[in-house]
Amino acid sequence: MKNSITSKRRDVLKTMAGFAASLLVPKVVRGEKASAKPFDWADDSIHYDPHDHKWGMGVDIDKCIGCGRCANACKIENDVPKEPFFFRTWVERYEVHENGETTIDCPNGAVDGFEKKSGDDDVLRSFFVPKLCNHCENPPCVQVCPVGATYQSADGVVLVDADYCLGCRYCIQACPYGARFLHPVTRTAEKCTFCYHRIVRGEEPACVEACPTEARIFGELDQKASPLHRFKRMNHIGVLKPALNTEPKVFYANLDMEVK
Amino acid sequence: MNNWISKIPEQIKLLAVVVTVIITAFLIVRPMLIPAGFGEQGHFRSGALNDAVAVQFKYAGKASCVECHDDMTDMLAGGYHKKLSCEVCHGPLAGHIDDPDENTPSFPRERTLCPVCHEYLSSRPTGFPQIVSQSHNSLKACISCHEPHDPVPPDVPSQCSACHGEISRSKAVSHHVDIECEFCHTTPELHKTSPRQYRPSKPQNREFCGQCHTKNSKHNTKAPRIDLATHETRYDCWQCHYPHLPEAR
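As you go down the protein sequences, you meet chains A and B in turn.
Position 231, counted from 1, in the first sequence is what numbering that gives the first Met the number 0 calls 230; the numbers after and before it change by one each time, with no gaps.
Position 59, counted from 1, in the second sequence is what numbering that gives the first Met the number 0 calls 58; the numbers after and before it change by one each time, with no gaps.
Just to be clear, a hint being listed does not mean it is correct.
Said to hold, decoys possible - Derived lysine-lysine pairs resembling DSSO-like cross-links, with alpha carbons at most 30 Å apart:
(1) B/K139 <-> A/K53
(2) A/K115 <-> A/K53
(3) B/K214 <-> B/K191
(4) A/K223 <-> A/K115
(5) B/K57 <-> B/K82
(6) A/K259 <-> A/K231
(7) B/K61 <-> A/K81
(8) A/K53 <-> A/K259
(9) A/K62 <-> B/K6
(10) A/K223 <-> B/K61
(11) A/K223 <-> A/K62
(12) B/K12 <-> A/K62
(13) A/K115 <-> B/K81
(14) B/K139 <-> A/K231
(15) A/K116 <-> B/K139
(16) B/K214 <-> A/K62
(17) B/K221 <-> A/K62
(18) A/K53 <-> B/K191
(19) A/K81 <-> B/K201
(20) A/K62 <-> B/K191
(21) A/K223 <-> B/K191
(22) A/K81 <-> A/K62
(23) A/K53 <-> B/K82
(24) A/K81 <-> B/K57
(25) B/K214 <-> A/K115
(26) B/K61 <-> A/K116
(27) B/K61 <-> B/K139
(28) B/K61 <-> B/K82
(29) A/K231 <-> B/K82
(30) A/K231 <-> B/K12
Quick caveat, the hints were computed from the structure, so don't treat them as lab data.
Owing to the predicted nature of the structure, the values given are computational and were not obtained by experimental measurement.
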């Protein structure tokens, strides 16, 4: 008697468990597992767990001399097509004129630096702004990708799965920062990866390596004793298009209100 | 039991069959469309991470040069170019690390590379050393006078204009053309060799400009006069008049 009662209870529990499990079915159908295990790299020399990191970049406008070595190094390191219009990072020159107008130029992404412009007599102030993918915490590009080919890794880096990308360009349209382009040969979306192949091996991104004035600072966001944390602490920080709520992880110091 | 089933209208039964077929087909086809490893790390194919790190290094990084060229890395670390990466001048050298004899670096001996950073551009931050290469010893290579790994002016300059070209050019066309820099800035001699360690003085108060510009100054008859007691007393003079190019209108 006693036994049958317990077994009935057990049945009830089983049914409830089954019901609870059925709620998870959509998860199972989507092929997602709740717990993420450390990643098993094909290259054995990599000992990097994406879950232990949170990357970001600081850019100090007051230190940028507009030499464009970052844009140049990026193209070389990542085999970005040499033609203009394909950039993973680039530098813009801003000129605020006395009549309040702002002009921006960016000859070939600044891969060869800048030249003096004639007729800049009425310039009130002028400065350089390095740009790249902001690796948003809420990336609009990831939201619109129909096949999950553009994604955010556990360390916050937004990447593209070139194997799986359809080349539909939704992500390129969705990016408010113009940080993406369609690779002319592979016809897949491309963008800055924070030099993912370098950072998993403990190296800095190529643009940071090339910068002669430490205008770019790369590092951990969740670590108190890091150059990036100190950079954020000691400067007035701005991000691009804050109103869009994309929560960029590229932080600008001494950012002018005119910068869009 | 039978009753219960037979009460269901025929069209609903048909519909149920159709729905079941669709759901079954979905359950069978979906896993076939989902690539291996999808969802293990997030809403993506986890193998994509392996693709992302499969890129070959082109830049080896400055730290990797120390092993074989510590003389050069030391020299660089002690000078103005301490923050420069070797490869920003010598080109990407990951291959050189693996096989130094096969992959030799390039040398920017011409006058093309240095101006990328040092040519005068009004957009560059003030204080960054700049030259106008057309007029700066235009016939010789930069490295014939400046050691690229420890660049300094070859001789201690006697003129302030050597390093403050922009300010000197402004002052030369201003009302203050006749006033020496040192009249307003007491400059230690060491400033010309270690400019950041030894700083010149700067005028501290309104009375300094008042020396020449106050109503009853005996100093200089040509200087236009103002009443120091009433002329815009809230601010220091140089918050409105740039001292190296003062304008009143």
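Could you check the structure against the hints above and give me the numbers of any it violates, in ascending order? 1, 2, 3, 4, 9, 12, 14, 16, 17, 18, 19, 21, 25, 26 and 30
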